[in-house]
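Respectively, the protein sequence lines represent chains A and B. Start counting the first sequence at 44; every next residue gets the next number (our numbering). Start counting the second sequence at 44; every next residue gets the next number (our numbering).
Some clues are possibly wrong.
You can't tell identical chains apart in this list, so a pair holds if it fits in one copy or across any two.
What the hints assert, rightly or not - With a straight-line cut-off of 30 Å between C-alpha atoms, the simulated BS3-like cross-links for lysine-lysine are: (1) K505 to K550; (2) K480 to K595; (3) K562 to K505.
Keep in mind that the hints were calculated from the coordinates and are not lab data. Please read all numbers here as calculations on a predicted model, not as lab measurements.
Listed below are the residues making up each chain.
Number of protein chains: 2
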Amino acid sequence: MRQYRRAWLGGDLTAGLVVGIMIIPQSMAYAMLAGLPVQIGLYASLLPLLGYALFGSSMTMSVGPVAVTGLMTATLLSPLAVAGSADYLQLAIWLALLSGVMLFAFGLLRLGFLANFLSHPVINGFISGAAILIVLSQLPKLFGLPGWPDSPAALLAGWQRSNTVVLGMGLLALGWLLYARHGLAAQLQRIGLSAALAGLLAKLAPLVVVVLGVLVTWRADLAAQGVPVVGSIPAGLPALVWQTPDMASLRSLLLPAVLISLVSFVESVSIAQSLARRKRQSIDPDRELLGLGAANLGAALSGGFAVCGGFSRSSVNIEAGANTPLAGVISAAVIGLILISLAPMLAWLPQVVLAAVILVAVVPLIDLASLRRAWRYDRAEGLTLLGTALGVLLLGIEAGIVLGICCSIIAQLWRGSRPHVAVVGRVPDTHYFRNTKRHLVETEPHLLALRIDENIFFANTKAVEQAIYQALGDYPDTREVLLILSAVNHIDSTGLDMLSELTEGLKERDIGLHLAEVKGPVMDQLQHTDWIGRQIGQVFPSTDIAFNTLGKVANRAPEHSGE
Amino acid sequence: MRQYRRAWLGGDLTAGLVVGIMIIPQSMAYAMLAGLPVQIGLYASLLPLLGYALFGSSMTMSVGPVAVTGLMTATLLSPLAVAGSADYLQLAIWLALLSGVMLFAFGLLRLGFLANFLSHPVINGFISGAAILIVLSQLPKLFGLPGWPDSPAALLAGWQRSNTVVLGMGLLALGWLLYARHGLAAQLQRIGLSAALAGLLAKLAPLVVVVLGVLVTWRADLAAQGVPVVGSIPAGLPALVWQTPDMASLRSLLLPAVLISLVSFVESVSIAQSLARRKRQSIDPDRELLGLGAANLGAALSGGFAVCGGFSRSSVNIEAGANTPLAGVISAAVIGLILISLAPMLAWLPQVVLAAVILVAVVPLIDLASLRRAWRYDRAEGLTLLGTALGVLLLGIEAGIVLGICCSIIAQLWRGSRPHVAVVGRVPDTHYFRNTKRHLVETEPHLLALRIDENIFFANTKAVEQAIYQALGDYPDTREVLLILSAVNHIDSTGLDMLSELTEGLKERDIGLHLAEVKGPVMDQLQHTDWIGRQIGQVFPSTDIAFNTLGKVANRAPEHSGE
Numbered sequence: 044m045r046q047y048r049r050a051w052l053g054g055d056l057t058a059g060l061v062v063g064i065m066i067i068p069q070s071m072a073y074a075m076l077a078g079l080p081v082q083i084g085l086y087a088s089l090l091p092l093l094g095y096a097l098f099g100s101s102m103t104m105s106v107g108p109v110a111v112t113g114l115m116t117a118t119l120l121s122p123l124a125v126a127g128s129a130d131y132l133q134l135a136i137w138l139a140l141l142s143g144v145m146l147f148a149f150g151l152l153r154l155g156f157l158a159n160f161l162s163h164p165v166i167n168g169f170i171s172g173a174a175i176l177i178v179l180s181q182l183p184k185l186f187g188l189p190g191w192p193d194s195p196a197a198l199l200a201g202w203q204r205s206n207t208v209v210l211g212m213g214l215l216a217l218g219w220l221l222y223a224r225h226g227l228a229a230q231l232q233r234i235g236l237s238a239a240l241a242g243l244l245a246k247l248a249p250l251v252v253v254v255l256g257v258l259v260t261w262r263a264d265l266a267a268q269g270v271p272v273v274g275s276i277p278a279g280l281p282a283l284v285w286q287t288p289d290m291a292s293l294r295s296l297l298l299p300a301v302l303i304s305l306v307s308f309v310e311s312v313s314i315a316q317s318l319a320r321r322k323r324q325s326i327d328p329d330r331e332l333l334g335l336g337a338a339n340l341g342a343a344l345s346g347g348f349a350v351c352g353g354f355s356r357s358s359v360n361i362e363a364g365a366n367t368p369l370a371g372v373i374s375a376a377v378i379g380l381i382l383i384s385l386a387p388m389l390a391w392l393p394q395v396v397l398a399a400v401i402l403v404a405v406v407p408l409i410d411l412a413s414l415r416r417a418w419r420y421d422r423a424e425g426l427t428l429l430g431t432a433l434g435v436l437l438l439g440i441e442a443g444i445v446l447g448i449c450c451s452i453i454a455q456l457w458r459g460s461r462p463h464v465a466v467v468g469r470v471p472d473t474h475y476f477r478n479t480k481r482h483l484v485e486t487e488p489h490l491l492a493l494r495i496d497e498n499i500f501f502a503n504t505k506a507v508e509q510a511i512y513q514a515l516g517d518y519p520d521t522r523e524v525l526l527i528l529s530a531v532n533h534i535d536s537t538g539l540d541m542l543s544e545l546t547e548g549l550k551e552r553d554i555g556l557h558l559a560e561v562k563g564p565v566m567d568q569l570q571h572t573d574w575i576g577r578q579i580g581q582v583f584p585s586t587d588i589a590f591n592t593l594g595k596v597a598n599r600a601p602e603h604s605g606e
Numbered sequence: 044m045r046q047y048r049r050a051w052l053g054g055d056l057t058a059g060l061v062v063g064i065m066i067i068p069q070s071m072a073y074a075m076l077a078g079l080p081v082q083i084g085l086y087a088s089l090l091p092l093l094g095y096a097l098f099g100s101s102m103t104m105s106v107g108p109v110a111v112t113g114l115m116t117a118t119l120l121s122p123l124a125v126a127g128s129a130d131y132l133q134l135a136i137w138l139a140l141l142s143g144v145m146l147f148a149f150g151l152l153r154l155g156f157l158a159n160f161l162s163h164p165v166i167n168g169f170i171s172g173a174a175i176l177i178v179l180s181q182l183p184k185l186f187g188l189p190g191w192p193d194s195p196a197a198l199l200a201g202w203q204r205s206n207t208v209v210l211g212m213g214l215l216a217l218g219w220l221l222y223a224r225h226g227l228a229a230q231l232q233r234i235g236l237s238a239a240l241a242g243l244l245a246k247l248a249p250l251v252v253v254v255l256g257v258l259v260t261w262r263a264d265l266a267a268q269g270v271p272v273v274g275s276i277p278a279g280l281p282a283l284v285w286q287t288p289d290m291a292s293l294r295s296l297l298l299p300a301v302l303i304s305l306v307s308f309v310e311s312v313s314i315a316q317s318l319a320r321r322k323r324q325s326i327d328p329d330r331e332l333l334g335l336g337a338a339n340l341g342a343a344l345s346g347g348f349a350v351c352g353g354f355s356r357s358s359v360n361i362e363a364g365a366n367t368p369l370a371g372v373i374s375a376a377v378i379g380l381i382l383i384s385l386a387p388m389l390a391w392l393p394q395v396v397l398a399a400v401i402l403v404a405v406v407p408l409i410d411l412a413s414l415r416r417a418w419r420y421d422r423a424e425g426l427t428l429l430g431t432a433l434g435v436l437l438l439g440i441e442a443g444i445v446l447g448i449c450c451s452i453i454a455q456l457w458r459g460s461r462p463h464v465a466v467v468g469r470v471p472d473t474h475y476f477r478n479t480k481r482h483l484v485e486t487e488p489h490l491l492a493l494r495i496d497e498n499i500f501f502a503n504t505k506a507v508e509q510a511i512y513q514a515l516g517d518y519p520d521t522r523e524v525l526l527i528l529s530a531v532n533h534i535d536s537t538g539l540d541m542l543s544e545l546t547e548g549l550k551e552r553d554i555g556l557h558l559a560e561v562k563g564p565v566m567d568q569l570q571h572t573d574w575i576g577r578q579i580g581q582v583f584p585s586t587d588i589a590f591n592t593l594g595k596v597a598n599r600a601p602e603h604s605g606e
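From just these sequences and the hints, can you work out the full model?
So, in structure tokens, the structure goes:
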């Protein structure tokens with residue numbers, strides 16, 4: 044606090060105001076997505092901002108309800124309670140509480156690295172799958188229906204005037220929001236506003252549909268004609284309540300809390316990192332865990348649901364000039380003021396407006412480009428992405444994520460299990476050695492130099508052994524084998540056993556085995572084994588020296604007269 | 044068959060006879076261990092030998108009931124039926140059938156490589172854990188008890204004369220078997236036999252306790268006094284019966300069959316490989332699958348239970364001079380003759396004799412040396428071994444194996460997630476580049492050369508990025524970064540995304556990024572990416588050339604006057 048500079052205040056104030064206004068429709072929309080009353084979204088936008096400001100490491104990230112955690116709350120809780128019931132709300136609060144405790148504990152235990160085990164294809168697949176699920180969940184709201192109709196015929200048979208009204212409002216809202224996203228800023232610039240101001244005003248466009256929606260519904264009394272509205276919202280700030288969850292709920296919420304924590308963390312860290320890069324700052328994953336944990340504890344304490352860093356709100360925050368977490372505090376104050384003063388009016392807000400806000404936000408998350416890119420780069424990664432997305436869609440969020448993690452681990456093992464082993468020779472008149480199959484190189488007649496291009500571990504020991512024996516078959520005059528370990532960063536005990544047996548096998552054929560370019564850490568570990576100690580021949584610092592030395596040794600035999 | 048040489052016949056005949064006699068007690072013992080009537084063990088020693096002879100690739104491996112598959116049959120089937128019941132026997136036969144079908148199908152599909160995913164620590168841990176389970180299951184039999192007493196007090200309270208008799212017989216049998224294993228051969232040599240003959244006779248020692256046990260129990264009518272005996276055995280060969288399993292049984296046997304197939308395959312392949320090495324032959328894992336599949340189908344067809352390659356029987360086979368699978372056929376004939384002629388007499392065989400045979404066979408499998416070795420080589424591998432063994436002991440065989448596989452995969456990822464990244468410099472007056480922390484080397488003032496000693500993939504992208512930024516902090520004057528990829532055999536899409544962001548980050552600081560020693564396969568994959576195509580600077584074939592070129596470029600700046 045002492046270090047706060049007055050020059051930062053202007054930016055923080057503007058950003059706080061803009062983000063505060065912008066996230067009102069968002070927060071309500073994501074609460075609706077989570078199957079909760081819309082004010083819960085607003086409650087979840089107060090304390091979390093303060094909690095994150097206290098512990099988080101990103102100066103400009105804005106936390107609150109986001110689409111993915113909204114969806115996860117809905118799908119993880121729906122087997123446990125009826126959406127909209129008091130039990131359901133209680134479970135949603137406890138889910139935030141449990142996830143806050145977990146994230147905070149993970150931060151204290153410095154377990155931030157765990158998020159590294161989610162590969163990009165898994166994250167991208169998950170986001171795309173979740174986005175499709177969200178779109179599917181909101182489409183019926185565009186027609187004013189409580190859920191998907193059994194058939195198109197049923198939809199037409201049950202069609203009423205109110206459905207037409209809702210669909211009309213929905214399409215207008217969608218149109219306005221899309222225009223705000225793609226054309227409004229340019230239009231505002233054309234009428235003379237600065238680029239920055241035009242951009243900020245465009246971000247506030249969702250508020251226009253909210254205000255218009257409320258006004259129209261109220262004046263035309265559309266709620267009475269069957270247009271689904273948000274319904275009465277208690278005025279004022281949420282009461283701070285601590286309710287200790289019972290054991291049975293805790294147990295059933297454990298896995299959901301792990302998953303929502305993991306996803307929130309990965310999402311938030313990647314957002315925080317991309318923000319930090321823009322400002323040339325750096326973030327600390329373990330402090331991010333603490334910040335997110337505090338944010339979720341704050342959400343639970345004020346009767347909100349699970350929160351996480353949001354990409355659009357954080358971008359707007361930084362674009363509007365936020366310098367410090369004070370911007371977040373001001374955003375929270377704006378929402379608090381709205382809750383105290385204007386909450387009762389939101390009762391007339393048509394649900395379809397919030398559905399339109401959600402649809403416009405999540406459709407761009409369905410990312411076919413990343414699928415195409417992953418597929419082109421590596422089939423296994425494309426399949427991982429596709430598998431995760433389909434898993435999320437067809438089997439559910441938990442199963443999809445687990446399936447994705449399994450796919451990416453199996454792909455990694457699979458790659459490691461098929462090592463590239465090259466017979467190398469000297470590039471003429473140099474000290475370099477290259478693959479005989481890719482380059483014109485010189486080899487020694489009785490020396491077989493093999494470069495193993497993979498760590499030697501259980502999944503590939505057989506393959507490495509086979510490749511070596513195969514090379515011996517191709518070069519039957521071999522007297523000395525040189526293994527070049529420049530690309531071997533680790534040898535596990537299964538690999539060591541194989542190498543030891545291989546050395547014995549070669550010895551029986553009267554062939555010596557030598558090593559070159561063993562890396563420091565590998566040598567440290569092998570130092571005390573029988574293999575290095577007794578079984579093998581020499582260990583050379585470079586292939587060049589090994590070639591010179593062994594070339595002579597191998598050619599010493601009577602049937603071959605010198606070089 | 045046409046290629047059979049007459050010179051092989053002598054060895055095959057001897058080996059066939061010796062192994063045939065030797066495996067009679069073994070087979071009965073392992074059937075008892077599996078919770079089956081002892082003759083089932085003999086039935087499982089006939090057709091499997093022929094089936095394997097037809098399809099297998101090892102010339103000298105002997106298949107039949109072994110301790111580990113006996114134990115697995117018992118633990119996998121005990122939740123499904125009462126040991127000793129007709130249902131239980133039927134399930135055991137179907138388990139062999141299903142496992143035979145799977146192994147044969149895997150062989151046809153050439154899935155032999157799947158066994159590579161069992162690392163040595165997992166296999167060793169599993170064998171040790173299973174051996175301890177077997178010992179625990181046989182100890183009560185040493186006291187003539189049906190199972191473990193509730194307490195030592197209960198044991199003493201219920202003690203009867205028959206318990207003393209059984210314990211006495213058991214200790215005598217154990218003593219004899221241990222002597223046969225460790226001292227008998229030397230003693231026989233001392234009385235003038237050749238080393239080979241003495242060794243073979245010592246292997247037949249178990250038959251002596253079997254014969255003595257039958258004679259004593261019969262003469263003293265010990266069965267009537269409460270000494271548990273094997274009980275009546277139907278004389279003659281088993282009828283060949285094909286019974287199609289019902290769907291419910293098939294479903295419950297599916298996972299057990301997968302596990303028993305996997306373990307049998309791994310066991311058999313490692314035995315076959317060590318045998319093949321002794322005779323300088325080679326084996327084909329896919330043909331081993333076919334051979335084992337046929338063996339298990341044979342076992343099922345003749346009313347036996349699951350079989351696999353046995354280490355002791357195969358060693359004896361090779362030591363006794365076996366040259367071809369004909370030896371196995373002769374062993375089968377020996378057992379068939381015993382079944383036809385002597386089976387009824389085995390009714391008097393005390394169970395404690397078989398328990399002694401089992402104990403002497405499995406205690407050496409509890410392998411503390413491999414735990415010590417793994418622990419010393421790498422803590423993670425020691426923990427994997429220990430975790431597998433404890434998992435098998437405390438959670439059961441399935442859970443233990445799965446736990447072990449998970450441990451070894453996590454250990455592998457964990458290693459990969461902590462890459463060694465070295466700042467390198469030139470070894471004076473050479474073309475070699477080494478870690479600045481381990482060697483006295485020369486560096487260029489504005490060039491940071493980093494060697495990344497690990498494949499770059501999702502689990503370590505953050506760590507690699509961090510290491511590079513850390514090195515930049517240590518060398519703040521850096522103008523050009525050179526990544527030496529000699530030890531990078533693969534870059535996944537998560538890694539590529541990181542490298543691409545890193546390059547942008549460096550560009551913002553006005554630092555260039557270049558590559559050296561990119562491996563052929565890595566370059567092939569990167570060829571069409573934006574990263575190689577547009578973002579990075581130059582790609583050098585060797586660090587030497589890169590150092591010479593970039594050293595000059597980096598030092599071009601005014602504040603530094605040439606080299």
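Verification of the supplied hints:
Proximity of K505 and K550 under a CA criterion of 30 Å is satisfied intra-copy only: 19 Å inside one chain copy versus 44 Å between copies. For a Cα distance limit of 30 Å, the shortest separation of K480 from K595 inside one copy, 24 Å, qualifies, whereas the shortest one across copies, 34 Å, does not. Proximity of K562 and K505 under a CA criterion of 30 Å is satisfied in both settings, with 22 Å inside one chain copy and 23 Å between copies.
The earlier numbered hints are all upheld by this structure, with none contradicted.
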